[in-house]
Every structure is written in structure tokens, then in C-alpha cells.
Amino acid sequence: MIAEAGLAALWLGAALCALQLIAAGFAVRGQGDLAAIVRPVAVAQAALTALAFGLLILLFVRVDLSVALVFENDHSEKPFLYRFAATWGNHEGSMLMWVAILTVAGAAVALFERKLEERTLLATLGGQAAIGLGFYAFLLFASNPFARLFPVPPEGRGLNPLLQDPGLAFHPPTLYLGYVGLSVAFSFAIGALVTRDVGPVFARAMRPWVLGAWIFLTLGITAGSYWAYYELGWGGWWFWDPVENASLMPWLAATALLHSVTVLATRDGLRAWTLMLAVIAFSMSMVGTFLVRSGILTSVHAFAVDPRRGSFLLALLFIYVGGALALFGARVGTVRAGARFDPVSREAGLVANNLLLSAILGIVLVGTLYPLLVEAATGTKLSVGPPYFDAAAGPLALILVAIMAAGPLLRWRRDNLKPLGRRVAPAAILAVVVMVAVKLAAPAIHILSLLGLALAAGLALASVAPLWKRNLMRTPLFMWGMVVAHLGIAVSLAGMACDSSFTVEKLVAARVGETVAVGPYSITLDAVDPTFGANWQALQATLLARRGDGDTLTLTPQARTYWAPPTETSETAIHTAIDGQLYTVLGKQAADGRWQLRLWWKPFVTLIWAGGALVAIGGALALVGRLWRARRKPAEQWI
Amino acid sequence: MTGPVKWTPLVLFILLGSALTYGLAKPDTTNIRSKMIGASVPSFTLPPAMPGLPGLASSDLATGQPHLVNIFASWCVPCVAEAPQLKMIADAGVPVMGIAVRDRPEALRRFLARNGNPFRAIGADDASQVQMAMGSSGVPESFVVDGKGQILQQVIGPINPEDVAGIVAAVKTAR
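Order-wise, the sequence lines are chains A and B.
Going left to right, the first sequence walks through residues 95 to 733 as our numbering numbers them.
Going left to right, the second sequence walks through residues 9 to 183 as our numbering numbers them.
So that you can see chain B by itself, here it is in the shape it has in the complex:
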């Protein structure tokens, strides 16, 4: 091992260390605006993610009624954390539609049995295509969509208890 190669491990470690330092020091608020805000929901048709619940198509989101679209997965730990908040939002009368990313029916069934089911429909996004098209890069993310299928608001990461009132209000005032 000669020349600059022998310093590569140190350089890689310094990069890693910088990321960890950032992780420790990072500010806690991470809500950024997506480019998709104000745009229409991309056109898609997703099959049902599990028996017993309908799938989800973009036409279901342009029915004149506003919705909350939640992109989630049974294998995602923060999704478990936000489950009670989603339930509160659904109980407040907001129609919550799910997009399950890279999931399996039996895993999904287990997830909903453990954490409650706030969803009226869940589409199976097995290749993350709709997720990407919605401008979402991870799970969980939630979108407030108005009655014409336009995205009004994007929540990145789990919905926290203090976000619930704002999201319910945003959906209720949307047309």
C-alpha cells in the first residue's frame, strides 16, 4: 500500500465522523417545502396492498373532498411512532389514504393489527414509483391533498402530536 491510497481510510473516517458530528448537532426541525407543493398529484393506479381494503388511484384523490395521503411501510420504525397521531387525525373525520412502500400483505396486516388502522384505502407501491413521483424520498411522509387533487402541504418524517391540530385544520379548510 503506497502513495495516497494509504490515507484513504483516514479520509473516509473523517467523512463518517463529520456526518456523526452533524447528527449530534443537528437542529430538530426538518420541515422543508417540496417542489410538489401546489402541483397536482401525479397520475397513478395502485393495486390493493392487502385483502379487505381497496387500492389507491390518483382519481380517488380528485373527488371534491380533501384527503391526507400517508406514505408508510410496516418495516419503518418512525411509522410506528406516528401511528397514534394518524389515528387521531382519522378519528377527527379526515379521510386518510395510505401508500405502502415495498411491503408485503402479511407484514402489513400485522402492522395494522398492532398499531391500529386509520386508512380507508392502501395502495401497494412495490417499486417506490409513486413515492418518487410524489416527491417523497423516505417513509413516513404525509401529503395534504385538496378536492381537486392538488398537493397543499407535505409533512416529512413522522407526524408529531403537536402537528395533529394543524393538519386536521389544513384538511378541513381545503376544498
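Chain A with its partners taken away, still in its complex shape:
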């Protein structure tokens, strides 16, 4: 009964979604009197999809094997948390989560959005319903999560063991909140194009929604990067894999949008560009979903692939992105031009930020799709790989960092180069000092890493510079948000540069009792023993690590074998010190009885994710600051 109830809730939700689209359509044209039902319908629809998703979770937790999806992805011996998380660790379940988040976001707009002009809001809710309808159809016709199975099998087929990790419980939901949250910005842009109502009020209404989605995207990408780092056992934290790029592209677009929407809110500039970015950000979410689910590109992230689903998603992509861009082309000429500004001004700095972020987005998009384009043109299969991305995106990212350091020190509307120079000078001097010091200490360092460290130091100082001589208690919260987020980028950049230039790696074949030195540690292979868990068995190495005269640490990397389905994974053992991480992986046993060990000393690598977390915290501070201020001074203009 639970599965049938879930399916019924979905169908009902789809019907209400159609009603929402029709009612909003008539209301925007000023025909009929359906305007009053749009908001309640949006809320009811969200309640229904949330119910359907809750019921699917219940089926997974109870391991109801009469449901095909549960049979494929669940197992009664699996711990509770992973039965719970298995709900979204598969295609159908994650698409249901996608739709649930989409409709809940729509309901949130219906309930809480008070700033936007009423007609634009109705058009926005209509846009949200139009997106919803396509994804309901995708769920109901091509990815039904509630399909029954008969006869009922005795046991489920488990879950990909790589995904049996606490990270999985939180990583996809966070990322999806970000991806799908961007749909709100997309619908806002549609609404504004329909009613031609683009200006500071519109921008201030849209900004919190963009910020919210962007915070979750930042958290999701940071968590995903750390998950790949410790779970895949390759010692890397970013692989330029299509699936990773699929999450990076919406983030780049959303970051650009976040900054351009500020120009629109404060100075009424960049009107068309902001609408364009709002369309692109969610389009990138959809392109990413398509790339991941259609199996069109080779990726290390395996997803069940089905060409029919690929065609369905491609059709949705054409309808929504094509439709939005056609609307943009038809309407943007009638949107009044925004305010102008000087070439040396805060606005100009933000435009440079936008152009560079867009260029990096283009590089990532081209690199991700290049194998496909070349195959289309010449029939050749190839892989582009990190050399392209690092060489093409790296220098642009460093220029972006330099602009980021100067940007917050620029004045709105018009500034002069001389006083700007005085404001930027301390950061520039610090960057040069760090560059010289690092070059002297490590002459062989790669140029990108060297520039990265220097710019990170300069950016860190420049980020906190806007607080100089300010009363910290009276500094608005959203300014703190900007400071913390920019500081986070500096911290993360320093971590990346340290990791890529100072990492020490050892691949050794060691006998039990042998000692190996890696970085500041000496590591002894003490024993290799069999061990087991709920649904796996493993060989576990006991490594004793000592640093100088310090205490002995014990690390226990494992080579695990899961039996449902049978899969081998390596469980890394990581020790986090104040100045870096010791990363250990147990490999295979050689014919002569020695054990393969892969050992890394990664100085300051944790800064990468700490920086990512800081960026998200900065976003959260800005969001709270904006909302609080909007409550206090509803009608007043602010920066």
C-alpha cells in the first residue's frame, strides 16, 4: 500500500502542478480570477511530493523487497543510516528527491516572497510549475521509483560499497539543494522577462534565493571533493571528471550571478546580463544532470545508464533552456538599459569578475564536452584530462583572485587609481614578499603554485582590509559574509598550492616489521590481519607512525571486499596533524610476501576544504544579514 500511496501522491502532485501553470498563465495575462489559487496550489503540490519522498524513505528503511527499486539498491544487513541514504543513492530515488526539492523551493517562494511585484511573482511560480511538469513526466513515465516486483525476492542487491559512507547521507542532498535551488533564480528570470520588470527591487528579491542555493552548492562540492579524496584512495582531491565538472559549472555561474545581482540591486546596472546568468546557472544544473544520467561521457562515477532516459532529459533540456533563451532573445530588447558606470569602479571590478568566471565556465564546459565534439567531427575518441584544465583554467583563476583582492576596496560608481593603489598596496607588498620567500625556500616550485601561494597571502590580507578602521560591532553582517567568503578562497587556494607542490609520495613494497620514511614521519608496517564488518571482510594493515620523538600513532588502512554486490575497495587511513595529513593506503600482496603500501605526506591539504567551509559560512552570514536587514527596513534602499 505504501508504494501505491507514494505513486498516487506523485500523480496528484503532477496534476496540481499543471493547474499551477495554467492558473499562473491566466493570472499573468490578467484573465479570469485564478490568481488567488496559485500560492496554495504550489504549497499543496510541495506537500504531496514531500509525502511521496517520505514514503520512499520508509520503503527503504523497512527493506520492502516487493518494490523493484528497493530490491536493486537495498539489503537487510545494511546499517540503518545506509538503508536510509540508499533512498537517494540511485537514479529513480535521486530524481524523486530532485522533484521534491524543486516543489518545496516553489512553495517557499509562494509562502515567503513578499518583495516581488505580484504579477512577476505569479509568472515566477508559473515558470517553476513549467519546470516541475517536465520532471514529473520524467519520473512517472521513465523513472518510476514505486514500481512493484513479483515474485518478491528473498534479499536485496545491496548498495555500491563505495557509497556506504556517512558522506553519502549528506553529500547528494546538499548538492541537489544547490542544483535545484537555482531553479528559483531561473524562474525569477522567466518571470522578469515575461513582465519586463527588472530592477533593484527584483534583484533584492532574487538575491537571497541565489545565495541559499549557492551556499548548498559550495558545501556539496566541498564535501564531494573530500569524499573522493578519502574514499577513492588516489590521494587527489579533484579529478576534472565529468561528474565533478557537472557540479562545478553551476557553481561558477551562480558565483557570477551572485555578484552581478549585487550590481543590479545596488546600482541598477547589468540588467540583461543578470537575467542571462540566472538562466545559465540552472541550465548548467540541467546539463550536468543530463551528462551524468545519460552515460554520454566516460566517468569514474558510475550511474545506471539508460539511453531512453537520456533522450527524455535531452528533450527537457531543449524545451527549458531553448525556451528560456528564446524568451530572452525576444524580450531582452524591451528591458530598459541599466545605469552606466566608470571603468574604475566597484561595478567594473564585478564585471571583470563576471567575465573571468564565465570564461572559466566556458573552459570547463568545452573541456568536458570536447571529447564528444571531436568524436562528432572526426569519429575519434579521446580524453582531455587535467593538463588541459590546469593549463587553461589555472592562469585565469589566478587573475580572478587578483581582481578579487582589489574588488572590495573599490568604490561604487567612480574611483581613482591613485587612492586605490594606496588601498591595495599592503596586500600587493605581502604577496611579493611571500613570493620571494617561497622561491628562496623552494627554488624548484611550479610557477602556478608559487603564484597561488603569493596571491593567497595577498588575498587574505586584502579580504580583511574592508574592515580596517571600521567599528566591528556596527559592521553589517553581510559585509562580514563577504570578508569571510573571500578569506575562504584564500585559505583554499593556499591549501591547493601546498598540496600540489609540497606533497611527498612513497609507493613501497614492505615486509612486516619494515620501516619507511615519508615526509616528517617514519612508518613501520606492524602487522596485516584479516578483519570483518556487517557486510564486508578485509585485510587490515597496522601502521605505526612516529614523527621525531613524538607519540606513536596507529593507522589501519584496509583492503575491503564487500559481498553484496561483490566489490573490492580500499579504505584509506588518514591522520590529520596541525600542518597536514598523513594518508595511507594498503595495496596488494606481492608474490614474495611483501605488501604494497602507498603513503603520502600532504602538508596543509586540509586548508582546501576548510576554505570551502569558510566560503559557505560567509555565504550564510551574508544571507542572514540580508534577510535581517530586509525585515528591519523593508522599504529603504541599502547597499
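Just so you know, these hints were derived from the structure itself, not from any lab.
Do not take every clue at face value.
As the list claims (entries may be wrong) - Each pair of labels, with its calculated beta carbon distance range:
id, chain 1, residue 1, chain 2, residue 2, range
1, A, Arg402, B, Trp15, 28 to 34 angstroms
2, B, Ala177, A, Glu249, 41 to 47 angstroms
3, B, Val13, A, Pro437, 51 to 57 angstroms
4, A, Arg688, B, Met140, 40 to 46 angstroms
5, B, Trp15, A, Glu212, 27 to 33 angstroms
To be verified - Straight-line alpha carbon distances no greater than 27 angstroms define the calculated BS3-like cross-link-like pairs of lysine-lysine that follow:
id, chain 1, residue 1, chain 2, residue 2
6, B, Lys180, B, Lys95
7, B, Lys156, B, Lys180
8, B, Lys180, A, Lys600
9, A, Lys600, A, Lys512
10, A, Lys682, B, Lys95
11, B, Lys14, B, Lys95
Unchecked claim - According to the in silico footprint, chain A covers these stretches of chain B (three or more CB under 8 angstroms from chain A):
id, stretch
12, 76-86
13, 151-163
Think of the CB as a built atom: it goes at the ideal place given N, C-alpha and C, for glycine as much as any other residue.
With the hints as your guide, set chain B onto chain A.
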């Protein structure tokens, strides 16, 4: 934004969409003949790509014995997929020579430790020059080269399990 400029995003998107449509609909076989087939291997000398294995020069391919030359990289995902097939070919007695494109010794060492080492020699092609000269536009690609250094066959993309027997036979019958 005025005039034709405002339609540019739509046009770009339609191009992108067409490529994606092609990607979904494309036929699976992509073996095309290269212009290099029948030609001699271009003359080159590549330094060793990692300590412990010799580098590769064109003179090593004209020793009277046929070879399989594999152009690959540690950062290439399809190269991981074809590693077991290369190992089978090497185990069947075919000398497999590697050209590592834009690679680093430590990354290469890690790649070979994880996926096995079928190579007798690996040359470091740090600027893709030899790759280009061989008429290869991506990784992985493999060339069957006869004893006089002539290219007999080119395999574009990863070697699939069903290709192994044919490649071994092609090398064995070459002189």
C-alpha cells in the same frame, strides 16, 4: 543588448544541443583509417618517461621485429579501461612500446602500479609532438608497426576485449 547579439545564446545552445543529440545517437564503432597507414613511423627520439624503463626512439621500431605502439597517459580514463587488454597482448608475446603524453614520472608510476605494466619501454612525449606526427589526436591510440617501422594498423580509442585476438594476430603475421 540589441540586434542579432541577443540571439547568440540561443544559437550557441542549439549547437551544444545538437552535439549532445549526436552523442546520444552516435553509432558505437568509430574505427577510421588514418592517413599514416602504410607510412613509416616518423623519426623521433623520446627520453625515458620514468626511471627504470628505457625511452623510445623510432630506430627501436625498425629492428626487424613487429611492435605494438600504445599512446597513452596516466590521466586518461579510457586508458585504465584498456589496461587489462594491453596486458593480455603483452602476455601473448607481443612487444608493447609506450608513448606517455604530457605525463609526470610519479603519476605514471602510480598508474602502472594500479593497472599493471605491459610496456618494454616508455618514451616521454611532453609536448604531444610525436603523438601529432604519428597522426594521433587523442589518447589512447595504438599502432601495429612492422619490423621495418611501417604502420600497418591504427586502433583509435581503448582496445576492447574482442579486439585482442585480431591485434595479436596482426602483429604475429607482420614482418
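Against the structure, the hints come out as follows:
no.: 1; hint: Arg402(A) <-> Trp15(B): 28 to 34 angstroms; in the structure: holds, 32 angstroms
no.: 2; hint: Ala177(B) <-> Glu249(A): 41 to 47 angstroms; in the structure: holds, 45 angstroms
no.: 3; hint: Val13(B) <-> Pro437(A): 51 to 57 angstroms; in the structure: violated, 21 angstroms
no.: 4; hint: Arg688(A) <-> Met140(B): 40 to 46 angstroms; in the structure: holds, 41 angstroms
no.: 5; hint: Trp15(B) <-> Glu212(A): 27 to 33 angstroms; in the structure: holds, 31 angstroms
no.: 6; hint: Lys180(B) <-> Lys95(B); in the structure: holds, 16 angstroms
no.: 7; hint: Lys156(B) <-> Lys180(B); in the structure: holds, 14 angstroms
no.: 8; hint: Lys180(B) <-> Lys600(A); in the structure: violated, 39 angstroms
no.: 9; hint: Lys600(A) <-> Lys512(A); in the structure: violated, 51 angstroms
no.: 10; hint: Lys682(A) <-> Lys95(B); in the structure: holds, 18 angstroms
no.: 11; hint: Lys14(B) <-> Lys95(B); in the structure: violated, 54 angstroms
no.: 12; hint: 76-86; in the structure: holds (count 5)
no.: 13; hint: 151-163; in the structure: violated (count 0)
Violated hints, in rising order: 3, 8, 9, 11, 13; the structure is consistent with all others.
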